[in-house]
Amino acid sequence: MFSAAFLALALATSNGTLPGHAPAPVHTSVATTSRPHRSSSFSTATLAQVCRNVTWLERFLGKRDECSLVDPQGSARERAYYQACAQRGTNGVLDCHIGYSFRYVTGSDRNGSQVAACYRGCAPFLADLERAEDAERAERIPVLFGGLQAVGGKLVGEIAAEVSGLELETSSFAVSRTDRIVRELIRPGVIYRDSARARAHTIVGNVDDAQALFDILSAGGRDATPPGYQRGGTMVEFPDGTRIGFRPNAGNGRSPAVEIDIPGYTSKMVKFHFTEH
Amino acid sequence: MTELEPLAVATLVDLDSDEADLKWILDNVSETCPDADYDALKQKVLGIVEQLLGRGLAEVHLFDGTLTARTPVEALDQVRRRWDLLRDRLRMGDVAYLSITPAGEAAVRSAPQG
Numbered sequence: 617m618f619s620a621a622f623l624a625l626a627l628a629t630s631n632g633t634l635p636g637h638a639p640a641p642v643h644t645s646v647a648t649t650s651r652p653h654r655s656s657s658f659s660t661a662t663l664a665q666v667c668r669n670v671t672w673l674e675r676f677l678g679k680r681d682e683c684s685l686v687d688p689q690g691s692a693r694e695r696a697y698y699q700a701c702a703q704r705g706t707n708g709v710l711d712c713h714i715g716y717s718f719r720y721v722t723g724s725d726r727n728g729s730q731v732a733a734c735y736r737g738c739a740p741f742l743a744d745l746e747r748a749e750d751a752e753r754a755e756r757i758p759v760l761f762g763g764l765q766a767v768g769g770k771l772v773g774e775i776a777a778e779v780s781g782l783e784l785e786t787s788s789f790a791v792s793r794t795d796r797i798v799r800e801l802i803r804p805g806v807i808y809r810d811s812a813r814a815r816a817h818t819i820v821g822n823v824d825d826a827q828a829l830f831d832i833l834s835a836g837g838r839d840a841t842p843p844g845y846q847r848g849g850t851m852v853e854f855p856d857g858t859r860i861g862f863r864p865n866a867g868n869g870r871s872p873a874v875e876i877d878i879p880g881y882t883s884k885m886v887k888f889h890f891t892e893h
Numbered sequence: 078m079t080e081l082e083p084l085a086v087a088t089l090v091d092l093d094s095d096e097a098d099l100k101w102i103l104d105n106v107s108e109t110c111p112d113a114d115y116d117a118l119k120q121k122v123l124g125i126v127e128q129l130l131g132r133g134l135a136e137v138h139l140f141d142g143t144l145t146a147r148t149p150v151e152a153l154d155q156v157r158r159r160w161d162l163l164r165d166r167l168r169m170g171d172v173a174y175l176s177i178t179p180a181g182e183a184a185v186r187s188a189p190q191g
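Listed in order, the protein sequences are those of chains A and B. The opening residue of the first sequence carries number 617 in this note's numbering; numbering runs sequentially from there. The opening residue of the second sequence carries number 78 in this note's numbering; numbering runs sequentially from there.
Possibly wrong hints are sitting among the right ones.
[Stated by the list, open to error] Away from chain A, derived, C-beta distances all over 10 Å, residues of chain B:
#	residue
1	Glu82
2	Glu96
3	Thr148
4	Asp154
[As the list claims (entries may be wrong)] Restraint ranges, calculated between C-beta atoms of paired labels, are given here:
#	chain 1	residue 1	chain 2	residue 2	range
5	B	Asp141	A	Gly857	37 to 43 Å
6	B	Asp165	A	Thr841	32 to 38 Å
7	A	His893	B	Arg147	37 to 43 Å
8	B	Asp116	A	Asp824	38 to 44 Å
Bear in mind the hints are in silico, worked out from the structure with no lab data behind them. C-beta: ideal position from N, C-alpha, C; glycine also.
If we strip away everything but chain B, and leave its shape as in the complex, we get (with noise of 0.2 Å):
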């Protein structure tokens, strides 16, 4: 958990509780960030997942049905591409959602409290 930025680790404290589409992480991202503009809000919760992803703290879960790539790489990638065909139109229900792995919920459950 340390070395994850402090986005990152909210949205995994969140993902413990429960699934989170990329809207509810952009809102979030947004009330920390609130003079961001879209574009650097995006940048964020991209970075945000490929950081868990690619600790294997949480999965994606493409919206259209279609299968997530293997790699934490190519699945960040389909989440990219998907919402830059949406532009900044993003909302509840598009692109993915995330779920906490079992190595996520126990970095949660390892983290420091409070």
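Same shape as in the complex, but just chain A (with noise of 0.2 Å):
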């Protein structure tokens, strides 16, 4: 049980750069259609990948409580209870499960897999899982010989079995720009490398993965170029005012980068950088 988490953990955090260029290890199943509210589940790894990023997204923008909970297109009573459990800060199924309070947002990508974002209450989670990490390490001797049980509290194996067996609601939804552009920066397959600048980070990745990622962000804006605008370069605006760039060529050449200016949601631009090491 415990190789087959590890397994899929090493998949969700080694594999690819981006949706489309490298698949994400996300769950299977097509959730978004006409037909509203069906039912997927999440594995640990791809909710683990989900709850890293979100850990830097929170240092990218610093307001994470303005991503709000999806609102599921389901029944009124049923979107009253989400909204509850947005406000109250928790989701009650995840809470009820495996003892976490995660808040999540839910979504779908290109290829109509599922992926979950929970923002709050990642770091208990995270840490149980570092926890469980380490004691498989530690146990791993024991575990070639045959010997196994690892130790400590709540495992990588009995998360990934709680978790896996869950029904997560989920539903076709409506989504703001800002939800969007949240959601792709979180994606399981976007890896995060550290990066000593305030609001410059940098993804593993390269000029394709750079163009993708702005391709997405981008679409629906208006071409907002300026004449003198970086070599290469292009901008979009959207009517709120939001302006994504693309610059192929930005830190000399080394380093193509997608910047993000959201007034009124982080008064401060970010820029993403991409490099393939």
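Join the two chains into one complex using the hints; note that each chain is given alone, in its own frame.
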């Protein structure tokens, strides 16, 4: 059980750069159709990576509360329930089953696969995952000799079993542009590297990955590229004033960048540089 | 580097990694001076630009495609005039961006680490 969970975790954290370029290891059931309110489940690995990305997101934008729970297009009663959960800062579903208080959003990637983004209560979940990983490493030799049983509290395998058994309510939904930006930036498959620069973050990937991210984020915007914009760059603007730029030659050609300026959401620009190393 | 103000040094180090437009620099300055009003922040940014241009450590590129003036004083004036037109609505991609010069890169390399 542990081996499978760790394999999944390793795949989730090492595979690919952006959805579409390297498929993210998310659950394959399709969620968003005209029929509302389908169900799916999320692997521990998927949740773990999303949570890790969300911790980055908090650094990017500083205002995680702006990322509100997505409204399911279910009944009015269901919407009221989710809204109430969101207002309380907890989500009843995950809270009941595994003892963690996740507030989450759900979505589907371009392949129709689902992703979940927990953005509150991630810390204890990740801490337990890390403890479980440490315990697994400590027990690796006994495992090799067939002895097994890791120690500690809630282990990865247990979490995986519990989470994979969940039926998370999902459905199609209308999303704000900011939610869409947030969702793209926390997807499984987006791998961040540490950066010493405030508001300038590094994603593992190349210029094609940067272009792909820009294409998704800029859809529906009008071209607002100034004549003197940086070499080869493109900038779009939305009616709410959000500007998104793509500079393939950023960082003296070494690190193509997507940059975002969302008035009213975060008053400060953020940059995402892409590097293959 | 030592005669530059700390904010100008920080901006130069930033430019060593990537070009930066005025909004980026303004945001950096506002993080350092959270209580300053917009006009004070603007003056600080222009002061940074002045220092970097004046020492040949950075060059300015106007987003509207017009040529940048030859002298630092005139270039700064171009920036200031365009920014004044926007009042307090400077956004990403507005007015101008800065890039580091070889002299600027050398200054960053020669600066004491830490």
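Worksheet item: Does glutamate 82/B really sit off the interface, with its C-beta more than 10 Å from all C-beta atoms of chain A?
Response: holds, 18 Å
Worksheet item: Per the stated criterion, does the least C-beta distance between glutamate 96/B and chain A lie above 10 Å, as a non-interface residue requires?
Response: violated, 6 Å
Worksheet item: Is the distance from the Cβ of aspartate 165/B to the Cβ of threonine 841/A consistent with 32 to 38 Å?
Response: violated, 23 Å
Practice prompt. Indicate whether the distance between the beta carbons of aspartate 116/B and aspartate 824/A respects the range 38 to 44 Å.
Written response: Because 43 Å falls inside the window, the suggested range holds.
Item to complete: Classify the label on aspartate 154/B as holds or violated, using whether its beta-carbon is more than 10 Å from each beta-carbon of chain A.
Response: Its Cβ never comes within 10 Å of chain A, the nearest being 17 Å, so this holds.
Worksheet item: How does the Cβ-Cβ distance of histidine 893/A and arginine 147/B compare with 37 to 43 Å: does it lie in that range?
Response: holds, 39 Å
Discussion item. The output says threonine 148/B does not contact chain A. Does that hold with a beta carbon cutoff of 10 Å?
Written reply: Answer for threonine 148/B: holds, closest chain A Cβ roughly 19 Å.
Item to complete: Note whether the CB distance of aspartate 141/B and glycine 857/A lies within 37 to 43 Å or breaks it.
Response: Because 19 Å falls outside the window, the suggested range is violated.
In summary, the numbered hints that this structure violates are 2, 5, 6.
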